[in-house]
Amino acid sequence: EVQLVESGGGLVQPGRSLKLSCLASGFTFSNYGMNWIRQAPGKGLEWVASISSSSSYIYYADTVKGRFTISRDNAKNTLYLQMTSLRSEDTALYYCARLYYGYLYFDYWGQGVMVTVSS
Amino acid sequence: DVVLTQTPVSLSVTLGDQASISCRSSQSLEYSDGYTYLEWYLQKPGQSPQLLIYGVSNRFSGVPDRFIGSGSGTDFTLKISRVEPEDLGVYYCFQATHDPFTFGSGTKLEIK
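Heads up: the protein sequence lines correspond to chains A and B, in order. Position one of the first sequence corresponds to residue -17 (the numbering used here), numbered consecutively onward. Position one of the second sequence corresponds to residue 545 (the numbering used here), numbered consecutively onward.
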């Protein structure tokens, strides 16, 4: 059974940093691209970042480019999102999602981890 | 960036009736390989989003045939025939043709 479990969220002050993790199981992690998608409270979905299976290709939304870094450790089956210079508008539930190559769809999602940026 | 405009914002439907959601893109979503990376996701209350449709019209595994995706270029539609109680939630279109990827703003489906 495919599982994606996010962790690392919490309350952080504006300008500070936080690192999210997503532990994957039930599939060969190194064969799949992975993504972070977020949802601010009461708002819609926003794609944040994408990383290819071997980390060769990385993409970011304009709203986080230069502040967030997506990475992965295939030996640990773990996806990361390093977030720096956090702003109140980064407050959201952050989901990790598996990307199915060929058709580029998200076929499995985690339950999400909450990040609150507030003083 | 590609903007996906979904209409309506909300929809109230009687059980058994049809619902239709539009997704219009600010640019063509046909990629150079001829494929159109347009998907539909449903987020049920309190749950993570789930994939319904990929490649404009392909139903994902386990998705009932009541869900029908169509369209091309910049105009896309999701039709739900014979709406059932478990269909309530927020529907999002999503494009993976252009970087950065983008979601539509969502359409909330309510049951009358």
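Rather than coming from a laboratory, the hints here were simulated on the basis of the structure. These numbers come from a predicted model, not from an experiment. You may find that some hints are simply not true.
Unchecked claim - Sample of chain A residues lacking proximity to chain B, with all beta carbon distances greater than 10 Å (derived): (1) Glu(-17); (2) Gly(-8); (3) Ser32; (4) Tyr42; (5) Gln93.
Unchecked claim - To be clear about the criterion: a stretch of chain A counts as covered by chain B if any three or more of its residues have a C-beta under 8 Å from a C-beta of chain B, and this derived list gives those stretches: (6) 57 to 67; (7) 85 to 91.
Don't be surprised by glycine CBs; every beta carbon is placed ideally from N, CA and C.
Legend entry - Gln93/A non-interfacial with respect to chain B [C-beta, more than 10 Å]: violated, 6 Å
Inset, instruction - Quick one: see if chain B covers the region 57 to 67 of chain A, three-plus residues with Cβ-Cβ under 8 Å. - result: Our answer is that it is violated, as 0 residues pass the Cβ test (under 8 Å) against chain B, missing three.
Inset, instruction - Go check the region 85 to 91 of chain A versus chain B for me, would you? Three or more residues, Cβ under 8 Å, otherwise it fails. - result: holds (count 6)
Legend entry - Nearest-CB test (10 Å) between chain B and Tyr42/A: The claim is violated: Tyr42/A sits with its nearest Cβ about 7 Å from chain B, within 10 Å.
Inset, instruction - Hey, is Ser32/A genuinely clear of chain B, shortest beta carbon separation above 10 Å? - result: violated, 7 Å
Legend entry - Minimum Cβ-Cβ distance from Glu(-17)/A to chain B exceeds 10 Å: holds, 14 Å
Inset, instruction - Report holds if the minimum CB distance from Gly(-8)/A to chain B is greater than 10 Å, and violated otherwise. - result: holds, 20 Å
Hint check: violations occur at hints 3, 4, 5, 6; the rest are consistent with the structure.
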